[in-house]
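Asks: Read off the chains here:
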Amino acid sequence: MIRGTSWPNYIALLIVGTVLALFPFSIWGSAYYLRLATIMLAYMSYVMAFNIIFGHTGQLFLCTGALAASSAYLSVVMTRELGVPPWVTIPLGVLCAGVIGALFSYVSVRRGLGVIFVGMVTLVFTFVFYNLILGLRGLTHGEDGLVTRSLGLGIFENRWSSYYIFLVILLLSLLFYHFLMRSRIGLAFRALRDDELTAELAGIDVTRYKVLAAFIGSVLLGIVGSLYGYYNGFINPDVFSFVRVDVVVLVMLLFGGMATLLGPILGGAVFTAVHEVVRPLGALSLLVYGVLLVVLFLTFREGLVMALRKVAKLHIP
Amino acid sequence: MLLIDGVIYGLQLSLLALGFTLIFGLGGVLNLAHGQLAVIGGISAAVLIGQGVTPPLASLLGILVAGVFGLLVERSLLLPTYRYKGEARVLFGLLLTLGLALVIDGYVKYRFPFEALALRVPIPAITVFSITIRTSGIIAALVASLALLSLLLFLRGTTLGKAIRCIIQNEVGAELCGIDLTKIRIIIFVLGALMAGLVGITFGLFASLRPHMGFELTIFAFVVTIVGGVRSINGTIAAGILLGVVHAFSSFYIGAYLTFIIFLATAALTIVVRPSGLLGYWT
Amino acid sequence: MIRVEGIEVSYGEIPVLKGVSIEVNEGEVVAVIGSNGAGKSTLLKSIAGLLKPKKGRIFYQGIQVGKLPAHKVVRSGMVYIPAERELFPQMTVQENLELGAYTSGIAKAKRETLKFVFALFPRLAERKRQLAGTMSGGEQQMLAIGRGLMSRPKVLLLDEPSTGLAPILVAEMYRQLHRLKEEGSTILLAEQQIPAALSLAHRAYVLENGLIRLQGRANDLLEEPEVKRAYLGVA
Chain F
1 MIRGTSWPNY
11 IALLIVGTVL
21 ALFPFSIWGS
31 AYYLRLATIM
41 LAYMSYVMAF
51 NIIFGHTGQL
61 FLCTGALAAS
71 SAYLSVVMTR
81 ELGVPPWVTI
91 PLGVLCAGVI
101 GALFSYVSVR
111 RGLGVIFVGM
121 VTLVFTFVFY
131 NLILGLRGLT
141 HGEDGLVTRS
151 LGLGIFENRW
161 SSYYIFLVIL
171 LLSLLFYHFL
181 MRSRIGLAFR
191 ALRDDELTAE
201 LAGIDVTRYK
211 VLAAFIGSVL
221 LGIVGSLYGY
231 YNGFINPDVF
241 SFVRVDVVVL
251 VMLLFGGMAT
261 LLGPILGGAV
271 FTAVHEVVRP
281 LGALSLLVYG
291 VLLVVLFLTF
301 REGLVMALRK
311 VAKLHIP
Chain R
1001 MLLIDGVIYG
1011 LQLSLLALGF
1021 TLIFGLGGVL
1031 NLAHGQLAVI
1041 GGISAAVLIG
1051 QGVTPPLASL
1061 LGILVAGVFG
1071 LLVERSLLLP
1081 TYRYKGEARV
1091 LFGLLLTLGL
1101 ALVIDGYVKY
1111 RFPFEALALR
1121 VPIPAITVFS
1131 ITIRTSGIIA
1141 ALVASLALLS
1151 LLLFLRGTTL
1161 GKAIRCIIQN
1171 EVGAELCGID
1181 LTKIRIIIFV
1191 LGALMAGLVG
1201 ITFGLFASLR
1211 PHMGFELTIF
1221 AFVVTIVGGV
1231 RSINGTIAAG
1241 ILLGVVHAFS
1251 SFYIGAYLTF
1261 IIFLATAALT
1271 IVVRPSGLLG
1281 YWT
Chain X
2001 MIRVEGIEVS
2011 YGEIPVLKGV
2021 SIEVNEGEVV
2031 AVIGSNGAGK
2041 STLLKSIAGL
2051 LKPKKGRIFY
2061 QGIQVGKLPA
2071 HKVVRSGMVY
2081 IPAERELFPQ
2091 MTVQENLELG
2101 AYTSGIAKAK
2111 RETLKFVFAL
2121 FPRLAERKRQ
2131 LAGTMSGGEQ
2141 QMLAIGRGLM
2151 SRPKVLLLDE
2161 PSTGLAPILV
2171 AEMYRQLHRL
2181 KEEGSTILLA
2191 EQQIPAALSL
2201 AHRAYVLENG
2211 LIRLQGRAND
2221 LLEEPEVKRA
2231 YLGVA
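Chains as they are written, first to last, in the working numbering: chain F, 1 to 317; chain R, 1001 to 1283; chain X, 2001 to 2235.
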């Protein structure tokens, strides 16, 4: 129901899907690179979620890592302590993440908090959550973390199946995103991103849509987070830390392009590549990141997708 | 004893946060590299002392280095930010200064990993009313108070100071009075950088200044700004002293890490409960 | 004194002024009238330097000023008083006025001008220690005009000064504007309230959809059937 056809999107998705599906073969199934790529896919999904929360409804959630972690920890702890199989505990973890995210959104909208303030409040949550994990040592083993390898999701022991599982999740979230944005909900998102007050006056229940966006995004974060936890073989607070997840996701989205379909993909791919290039520099890597951050943002101010649109004069999704 | 330490610490926080608030209030830039400016000031001084420069001169030069650096940053990096308005500008400035903070952090840690500024004073301590206070602490407090007072006088008394206050209240109105926003933004950024550099030095007096303290300082400045009110000068100063005291007590009884969380939580609480801050107003 | 030649101004992609030329001579009061969205504010803002025209030129006393930033325009002697007033809410009436005189350095001259403004708007003198944010609409409007006068401008650009004011306050304000006119001030006035504007102005332009529809002496325009219809129907 929105301007233009869906064809560019479908084509883009087809291309992306094909490239990513064939990728493992291009690196001859190398364990190292396959793992790297799998992690990249997981992060792309994280960014997709963040795109819905921040890119479309402007809610600067600086707790994406904590939300993913909440889902992962809940699931893993429940499976360990209660012996309940993962396929039961994971949905519970996901629901938990969704509810927390929706709650933050609700409170923020009700109190009329601006972008930076939402960021602050969610940032506090990140640190509080981190501390909570450390504090509940009995259940979570604090910094040592919990091993997830033997908990029942054996499918993640194979690096090929892991890759394709995360690929499927990514493609499903891309499709979901596509249909979401074509629906009435997506229209509402666009309206309220443009001008919240006008949207409200036009009869759009801003609260409802923002909370919905936060819920959907957080659910996705929970799904990816918990599955990543099992894939990784173990979880500890560091796996989902602010520096590891939140900052990365933010940079990936901003660089790729907010509120676009391919933004998360491109942002994720470029950032992963940069990360690998920068890694051997060790101590200087932060410096290079900083320089890249500055240079990239000065050149691609609205994100890579926008820049490509202008250059190619095509409406890249 | 703790109270005094807290106040001394708080005064320095106030000074640091004041620079941060002014930069944000005038330019709409959340300077995430603010803590790094303090580090630049402190470490420059430390390096100079290592080269044989006398501590007082080294300190002065360190502050100047911070100021010059601030000038360079403002004229180069921040130029694109001013083309945006409102929230877009905040976000963009945030990212650029984040990048800058990473660059500075990375470089300082790489080049001077073991450098630290720890200034020693000839008389270690004074006893007043049976309370022993370190002289270095007193000097730090005096320097910070002097700086704060002169800034307050400047802002209230001089025409330039009034211009600054009115830009915080209404950018368009200020322009219509013939005030050159760009020029004043530069002045404020440099002033903020100088203040940060000064705090870097006083930290060196009071405790010690290490290269990795950059982000921590920025976050503290941020929290103080939020609690005191993002657009309130008086509020920021008051909040700084208050939080300094809180920090002293909390670190002692509860520990540094939790204190950090408490700080952040206080900021979050302020946002949710009273967004205009302690004494602030909401524009 | 002011000469605008064929300026085109857009908000982003949307064109608002599509080729406007006007003139204001020294000592004249010129009104720009037209309905909402016609582009009156845009025209004044462009002259004031708050907006930059895509095409066309703006001259002030023979010098091109189209590219000057707003604060330099003020320094050159043109002061813009927006419909939104843009006061400093946390500062007192006196402080607001004093800031209006920011560009003039001489303290004595400032004091004189302050006296002049207080004489023009006695109500401001009564409330000189009151915070600007706490004043009523009419008082804020007076303060905005007063602040504009503080830099002793050669030209006043008034943007819909009657916005949000009760008729009795509008009348009072226009009385003061008449006084300014008698003192020989040059004023460019954008207004929706046609009768008040046309009774003050020497000449007027009618702006519609970004183009000048009519122009001429204010008295003549009052007789124009279109203008009559507009103000009999609206004002």
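Hint data in this document are derived by calculation from the structure and do not stem from the laboratory.
The model shown is predicted, which means the values in this text are computed figures rather than measured ones.
Each hint should be verified, as a subset may be incorrect.
[What the hints assert, rightly or not] Restraint ranges, calculated between C-beta atoms of paired labels, are given here:
#1 T1158/R to E2172/X: 47 to 55 Å
#2 L197/F to G2012/X: 13 to 21 Å
#3 R2152/X to G1086/R: 51 to 59 Å
#4 F1114/R to V147/F: 35 to 43 Å
#5 N2036/X to L36/F: 43 to 51 Å
#6 A2119/X to L1146/R: 42 to 50 Å
#7 K310/F to L1146/R: 47 to 55 Å
#8 L1146/R to F2059/X: 30 to 38 Å
Ideal placement from N, C-alpha and C gives every residue a C-beta, glycine not left out.
Asks: Would you mind marking each hint as holding or not holding in the structure?
Replies: Going down the list of hints, with the structure as the test:
1. T1158/R to E2172/X: 47 to 55 Å: For T1158/R and E2172/X the Cβ distance comes to about 36 Å; the hint is violated.
2. L197/F to G2012/X: 13 to 21 Å: The hint (13 to 21 Å, Cβ to Cβ) holds, given that L197/F and G2012/X are roughly 19 Å apart.
3. R2152/X to G1086/R: 51 to 59 Å: violated (33 Å)
4. F1114/R to V147/F: 35 to 43 Å: holds (37 Å)
5. N2036/X to L36/F: 43 to 51 Å: violated (59 Å)
6. A2119/X to L1146/R: 42 to 50 Å: Because 44 Å falls inside the window, the suggested range holds.
7. K310/F to L1146/R: 47 to 55 Å: The hint (47 to 55 Å, Cβ to Cβ) holds, given that K310/F and L1146/R are roughly 53 Å apart.
8. L1146/R to F2059/X: 30 to 38 Å: violated (51 Å)
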